[in-house]
Amino acid sequence: MTDYLLQTTWIIPFYGLLGAILTLPWSLGIIRKTGPKPAAYLNILLTAIAFIHGSLIFNLIWTKPTQQLVFPWLTVADLNLTLAIELSPVSVGALELVTGISLLVQIYALGYMEKDWSLARFFGLMGFFEAALGGIALSDSLLLTYGLLELLTLSTYLLVGFWYAQPLVVTAARDAFLTKRVGDIILLMGLVALSAYGAGLNFSQLERWANTSPVEPLTAALIGLSLIAGPTGKCAQFPFNLWLDEAMEGPNPAGIMRNSIVVSAGAYVLVKLQPIFTLSPVSSDTLIVLGIVTAIGTSLMAIAQIDIKRALSHSTSAYLGLVFIAVGLGQVDIAFLLLFVHGIAKALLFMSAGSVILTTSNQNVTEMGGLWSRMPATTTAFVVGGAGLFAFMPMGVFWTFQRWFNGSWDVDWWLLAVVLFVNTLSALNITRLFRLVFLGEPQMKTRRAPEVAWPMAFPMVALTIVALIAPTAPIQWPFWLSPTTPLNLGEESIIQLATPLIALSGFVGIVIGATIKLDKAWARPTQMIWRFFQDLFAYDFYIERLYELTVVAGVAFLAKLTSWFDRYVVDGVVNLVSLATIFSGNALKYNVSGQSQFYILTILLGVSLLLWSVLNGQWSIVTNYWSSLLN
Amino acid sequence: MLSALILVPLLGAALMGFLPQKEPKTIARSVALAMAVSVLVVNIVLGFQFDPTVVGFQFAENIPWIEWIGLNYHLGIDGLSLPLIFLNSLLTVIAIFSSSKSIERPRLYYSMLLLLSAGAAGAFLAQDLLLFFLFYELEIIPLYILIAIWGGKRRGYAAMKFLLYTAFSGILVLASFLGLVWLTGASSFDYEFLRTQTLALDSQLLLLAPLLVGIFIKIPIFPFHTWLPDAHVEASTPISVLLAGVLLKLGTYALLRFAVGLFLEGWVVLAPWMAILAGISALYGASCAIAQKDMKKVVAYSSIAHMAYILLAASATTRLSITAAVFQMVSHGLISALLFLLVGVVYAKTGTRDVDSLRGLLNPEKGLPVTGGLMILGVMASSGLPGMVGFISEFLVFRGSFPIFPIPTLLCLVGTGLTAVYFLLVINKVFFGRLTESLSQLPRVRWIEHVPAFALMTLIITFGIQPSWVVHWSEVQAVALLTGG
Chain F
1 MTDYLLQTTW IIPFYGLLGA ILTLPWSLGI IRKTGPKPAA YLNILLTAIA FIHGSLIFNL
61 IWTKPTQQLV FPWLTVADLN LTLAIELSPV SVGALELVTG ISLLVQIYAL GYMEKDWSLA
121 RFFGLMGFFE AALGGIALSD SLLLTYGLLE LLTLSTYLLV GFWYAQPLVV TAARDAFLTK
181 RVGDIILLMG LVALSAYGAG LNFSQLERWA NTSPVEPLTA ALIGLSLIAG PTGKCAQFPF
241 NLWLDEAMEG PNPAGIMRNS IVVSAGAYVL VKLQPIFTLS PVSSDTLIVL GIVTAIGTSL
301 MAIAQIDIKR ALSHSTSAYL GLVFIAVGLG QVDIAFLLLF VHGIAKALLF MSAGSVILTT
361 SNQNVTEMGG LWSRMPATTT AFVVGGAGLF AFMPMGVFWT FQRWFNGSWD VDWWLLAVVL
421 FVNTLSALNI TRLFRLVFLG EPQMKTRRAP EVAWPMAFPM VALTIVALIA PTAPIQWPFW
481 LSPTTPLNLG EESIIQLATP LIALSGFVGI VIGATIKLDK AWARPTQMIW RFFQDLFAYD
541 FYIERLYELT VVAGVAFLAK LTSWFDRYVV DGVVNLVSLA TIFSGNALKY NVSGQSQFYI
601 LTILLGVSLL LWSVLNGQWS IVTNYWSSLL N
Chain B
1001 MLSALILVPL LGAALMGFLP QKEPKTIARS VALAMAVSVL VVNIVLGFQF DPTVVGFQFA
1061 ENIPWIEWIG LNYHLGIDGL SLPLIFLNSL LTVIAIFSSS KSIERPRLYY SMLLLLSAGA
1121 AGAFLAQDLL LFFLFYELEI IPLYILIAIW GGKRRGYAAM KFLLYTAFSG ILVLASFLGL
1181 VWLTGASSFD YEFLRTQTLA LDSQLLLLAP LLVGIFIKIP IFPFHTWLPD AHVEASTPIS
1241 VLLAGVLLKL GTYALLRFAV GLFLEGWVVL APWMAILAGI SALYGASCAI AQKDMKKVVA
1301 YSSIAHMAYI LLAASATTRL SITAAVFQMV SHGLISALLF LLVGVVYAKT GTRDVDSLRG
1361 LLNPEKGLPV TGGLMILGVM ASSGLPGMVG FISEFLVFRG SFPIFPIPTL LCLVGTGLTA
1421 VYFLLVINKV FFGRLTESLS QLPRVRWIEH VPAFALMTLI ITFGIQPSWV VHWSEVQAVA
1481 LLTGG
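In the order they appear, the protein sequences are chains F and B.
The end of the first sequence is residue 631 by the numbering used here, with every number in the run present.
The end of the second sequence is residue 1485 by the numbering used here, with every number in the run present.
You may find that some hints are simply not true.
Computed list of lysine-lysine pairs in DSSO-like fashion (alpha-carbon distance at most 30 Å, straight line) [said to hold, decoys possible]:
hint, chain 1, residue 1, chain 2, residue 2
1, F, Lys115, F, Lys560
2, B, Lys1101, B, Lys1153
3, B, Lys1153, F, Lys560
4, B, Lys1349, B, Lys1153
5, B, Lys1101, B, Lys1366
6, B, Lys1293, B, Lys1366
7, B, Lys1366, B, Lys1349
8, B, Lys1101, F, Lys115
9, B, Lys1366, B, Lys1153
10, B, Lys1293, B, Lys1153
11, B, Lys1293, B, Lys1101
12, B, Lys1366, F, Lys33
13, F, Lys115, F, Lys33
14, B, Lys1101, F, Lys33
15, F, Lys37, B, Lys1293
16, F, Lys560, F, Lys445
17, B, Lys1366, F, Lys560
18, B, Lys1293, B, Lys1349
FYI, nobody ran anything at the bench for these hints, they're computed from the structure.
Quick caveat, the model's predicted, so the values are computed rather than measured.
Based on the sequences and whatever the hints tell you, model everything.
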């Protein structure tokens, strides 16, 4: 019975897909009488079933060793492609996280999207989204994971582009797709290369393959770099970080998923690929450098944003930067923990932000204020989510950082510096947002702001409770998330003061955030230097402008150039030749109207010329000539 | 049995002439459809009887025709041709189905369409070099007429350009065939017999050169491609479907069957250059597609880019890559046919294909939402999204070619990346955004008009999830092609 139930694990992601397919009659307009609501209920029901099914499996798998289910897919010539899924507490736990958050988000969306006329399409896309994410959580094959990452790219494109009539949405959807696609294609290059070098494409096979040190250092470095590119796009890391910020134009429920689960899916893949990165120091170094650059850069960007969603989404990139560093250092345990606590805290913050946005019809924090007494549940959610995001209070991220620096891991001073920096700025950012949105005097748009209705309040409160108890999970079962054990367990702490320092940094961030002057109308600083930095951060270091001037302009120029070349050079020669033919053989001119005689004449002439040369023995002259040239 | 695949459409084409002129226009269409469907049925039956584990030709028919030249009516079918024959009969049905019911001169139109189908089927079936050439040429005439009479504004120019190019291609192919027979001293043009003959390397190269140029014109490969965008733009939708889906495949089929099959040694010598050419062609097609304003031209240039992958796979000459080449032909046939169909729907309803004057067509009330949704899926299939046939066929091409030619493979992979760029630009401009005033009175698309697109989409997804259903037909024969079995 147990085994039988375990065998059914692969079905769980398909619930989401089934839900997506079932919404088609409503989204295609075949069923109009009922309105789009039944499609939404169906999806929520199926997600709930997926969650329950997952819980059953999770209970069964708890004490068991890791198992694999392997499905043969395609055998061609010497290539054998199999798809595999992994049954372990980690993979099923990740699946539970996906379906759990998806369930809450879908209930939330019921309220948030209530008045949208394409509700059925939205839920269909969410189902598809959930299916791809759930698949990634279970997948034990790089090929399957790659496929699902691409489906994720597609569904992100469609979800960001959900309100396709708005101009900003159009560019946001395009940029999200193309940025991720660049990463995906480079990942595909790595995949093809790995397969060609004889590695099986299941993660366990890849690990075995990596242990035999099979390739040259340069090749190993290139493969490593190409594999990093995919997750870099998914996790919105520099230089592929801008799409996440732009994607905030899409509906907020999808934004919750994106900022908590989707980015984590990218990092999850990275963790799975970690054995390959050990082949070459270049790839792990790249991971660390990318992580540091993103963590520092996006932390700075976040504090200058005035759009509540954008301020939070930049902070997502920053935390994922820390995950990149952890994977680069080989500290997979920490990476998982960070993903887990960040995912929950960020989902909660985005739910709270969504409630604020729906109630006030506004995303600009400088036009808000005084919401705390009007929206208690939303305020609580923001406080709990915020407290879980930076290390000051003993919640969420605090315990992860504490674990990271308690001496179990080989860590350096520079890492502590980065963490302190990110933590301070994160605390500053959250405090700043909290003051702007919830404290102070109500402004025009926040004066009449009732608390959100139950479909939004219920998931928010539920997740608040989860966020409050979640940090106890990793402490209680310290190793359930760790496929690798810490390096130097039991030794003295390397950096004795690390934990107090981190808590202090959180406090400093709060103090700065609480004391800086926040002018409601967002007055521009008078000093040039502050003005410069504010613009620099607010416009994301002008990276977008830089891309426009380099990559985008380059491709556009190349396209114009080839098109010109095609039209005037390649085709020009052709037209010139045909012009010459017209003048030499007058027949053509009078045969443009569609007569086939000319055509037959051409063929006949050609054939008879050839036949004549063959029969006359002239052919040998030609062949001999060419043969002599070739020799 | 095989002759039926050629004779039934020929019979249909001839029958058109005897249909009374006064009858309603739809009678020609019904007859044509009946003929095409019966060919498809014969094909399905053949598919069930075909044994994919056997090397060589099955269901062979051999009738001496003009013995003093060495021409035999020799037909046969193997793993290389079966998927293509199938594609041909399927797309013929779809082309007839999606032809306008009020078309001018329906009897001539449908008879030409059937003739085209018969020509293509004959070329795929022919086991005699001269017979292949005859069919290869035969299919040009109806296509020329179809473009020249039912085409767009510049149809005269486009049709003539197509004619000159392909006629030239035919002459080169014929020259190579004649040379082969002459140099080997063979008494017939029989394919299997000629495969057993051996030639010195320099004579192989000498014969291969004209053959390749002829084939490259047909596929088409840069720099012999300029007839294709013009032909596509001027041709009506059903003709574009057939042109992209079937007729281009004659080129790649000839590449595998004759260039690789008859001149393997010579081909291997040229292969590194061919792989680079494939890389260039893929990037060139993709790059041109980005700059196009006409939706049909975008799809046409994308065809050039995607057909180049087949050249890459053929150059690599591994067992995997040759199988993948056949698969890629099927995959490209299905996907490009779908895209041309959908562009055709947009054109029929809005009267334009210009990306700058179309906007917001996804609008659920007044726009073309279902067409838009299918189009998004179609371009995703084309840009190699997993779960659809484009991904696995391209993956196999790249995986098969990478060990032999890593750099050209990477170039082609970049081309795949660019596919998403140009198609997304089109989707964003045409389907996203706010529907413009001038487009708010579009005629509705009836569900029946979407039947062909849904049918193709179903196949694209099915074969994407179950690629072995296509691959297993051609695997054995692809290996035999390389080992001389």
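Status of the hints after comparison with the structure:
1. Lys115/F to Lys560/F: violated, 44 Å
2. Lys1101/B to Lys1153/B: holds, 21 Å
3. Lys1153/B to Lys560/F: holds, 25 Å
4. Lys1349/B to Lys1153/B: The given pair, whose Cα atoms are some 18 Å apart, holds under the 30 Å limit.
5. Lys1101/B to Lys1366/B: holds, 24 Å
6. Lys1293/B to Lys1366/B: holds, 24 Å
7. Lys1366/B to Lys1349/B: holds, 12 Å
8. Lys1101/B to Lys115/F: violated, 42 Å
9. Lys1366/B to Lys1153/B: Cα-Cα ~29 Å, so holds.
10. Lys1293/B to Lys1153/B: holds, 17 Å
11. Lys1293/B to Lys1101/B: At roughly 29 Å apart (the allowed maximum being 30 Å), Lys1101/B and Lys1293/B satisfy the hint.
12. Lys1366/B to Lys33/F: holds, 19 Å
13. Lys115/F to Lys33/F: holds, 16 Å
14. Lys1101/B to Lys33/F: The hint is violated at about 34 Å.
15. Lys37/F to Lys1293/B: Given that 30 Å is the threshold and the Cα spacing comes to 40 Å, the pair is violated.
16. Lys560/F to Lys445/F: violated, 48 Å
17. Lys1366/B to Lys560/F: Given pair Lys1366/B, Lys560/F is violated - Cα atoms ~34 Å apart, limit 30 Å.
18. Lys1293/B to Lys1349/B: At roughly 18 Å apart (the allowed maximum being 30 Å), Lys1349/B and Lys1293/B satisfy the hint.
When each numbered hint is compared with the structure, violations occur for hints 1, 8, 14, 15, 16 and 17.
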